[in-house]
Every structure is written in structure tokens, then in C-alpha cells.
Amino acid sequence: MVQGRRCNRWGAWVLCAAAAIGCEKAAAGIDAGPDPPADSQTAGPDGQPGDIPNTKPTTRVGGADPEGKGWLDWSTGKDTPEILKGPQGGQHIWVSARTANLHPKKARITVTMFLETPTGDQVVKPGTVEMTGTLKWEEGWLVYAGLPAFVKEPCVIRDKKVRVELAVDDLYGVHAADTAWITPVWKGYCEGDP
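As numbered in my numbering, residues 1 to 194 make up the sequence shown, in order.
EDC-like cross-link-like pairs, simulated, lysine to aspartate or glutamate; straight-line CA separation at most 16 angstroms: (1) K106 with D169; (2) K160 with D121; (3) K85 with D65; (4) K187 with E153; (5) K187 with D159; (6) K85 with E67; (7) K136 with D169; (8) K187 with E82; (9) K161 with E116; (10) K161 with D79; (11) K160 with D79.
In case anyone wonders, no lab produced these hints; they're calculated from the structure. The structure displayed is predicted, hence computed values, not measured ones.
With the sequences and hints as input, model every part of the structure.
Structure follows, in C-alpha cells:
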């Protein structure tokens, strides 16, 4: 019996202590969630984070070279990236992300491609590609280069207008998105080719 009373008293003490700490934080205006570090939210005039007040998070979707490196601007809507054959037998288009005002660690990057048809948008198979990675500082942007947007049926989207939607969410829940239109090129064989 004595053992049970000690446990009850100890449990009550722990509960009261936790409540008191929570009340102190709330009274002091401290949020329970983690705050993003100030040096990762903004980019200043010298190209380094943390120099000016926070601005709107942004991202840009683009491509990469045939090795999945670098940045190719897709903002014109006239870009014709090649659908490449991967080492494991699949096909993909390299997609890159440029972001600003997001935390670089553990960024969740999502890419979905849509074929726009008269009957509505069709998701390019196999569907959305999502990964988590670290954004690297390059030329005034936080960049992730070489995300493979897989293409199961390259003949279906070859030489057709495709909408590429990119979303980047940092580990603090800050979100940025962008859209680009491309016309993929496929140099492989398709049924009906001469």
C-alpha cells in the first residue's frame, strides 16, 4: 500500500510540474513548436541568408542537364527537355528546384506532371514523385538539382504540352510552389514510328 501512495504522489507532482512549465511558456508568449532559425528565412543583398526582414517564400521549377546537374530555366513555356532512359530500365525527366526564404534542411520536394487534354488533366504515370533532401546554396538561391520525375509511358507525352507542378515544404511547414509548361522530347521508339 505504501508503494502505491508514493507512485500516486510522484505522478501528481510530475503532472503539476509539467502544467506549471506550460503555463510559464504560454505567459511568456513562447510557442510550443520550434521556430525556424532567423538566418535561414531570408536572403540579403550580399547573397547570404539573414540580412533583411522575412519575405515571401518562393520556388522556381526548372530542369537539369542530362546527368541531373545544374539548373535549366523552364519559365518560357517553350522548353523541350528530353525524356531520358534510366540505368534501371525506366524513363525520367530531370527536374530542379530553386527556392528562397525556406529552411534548407529536410525540405520535402514534390513534383507532379500533368498532360493537358480536352477531357481534363491526366497525371503523367506513374504519378507524383516526392523526396526529402537538403537544399544547397548556389548563386543566391537554395537549390535541389536532379530530381527524377518518372515517366512510365513516354510515347503518351512525347511532343505534347505537359504542366509540371513543384511544391517545396521546409521542416517548419513553410510552403512554396511553382508551375512550368514543357514539351518533352522522346528519342526512343514508339508504336507507329517509321
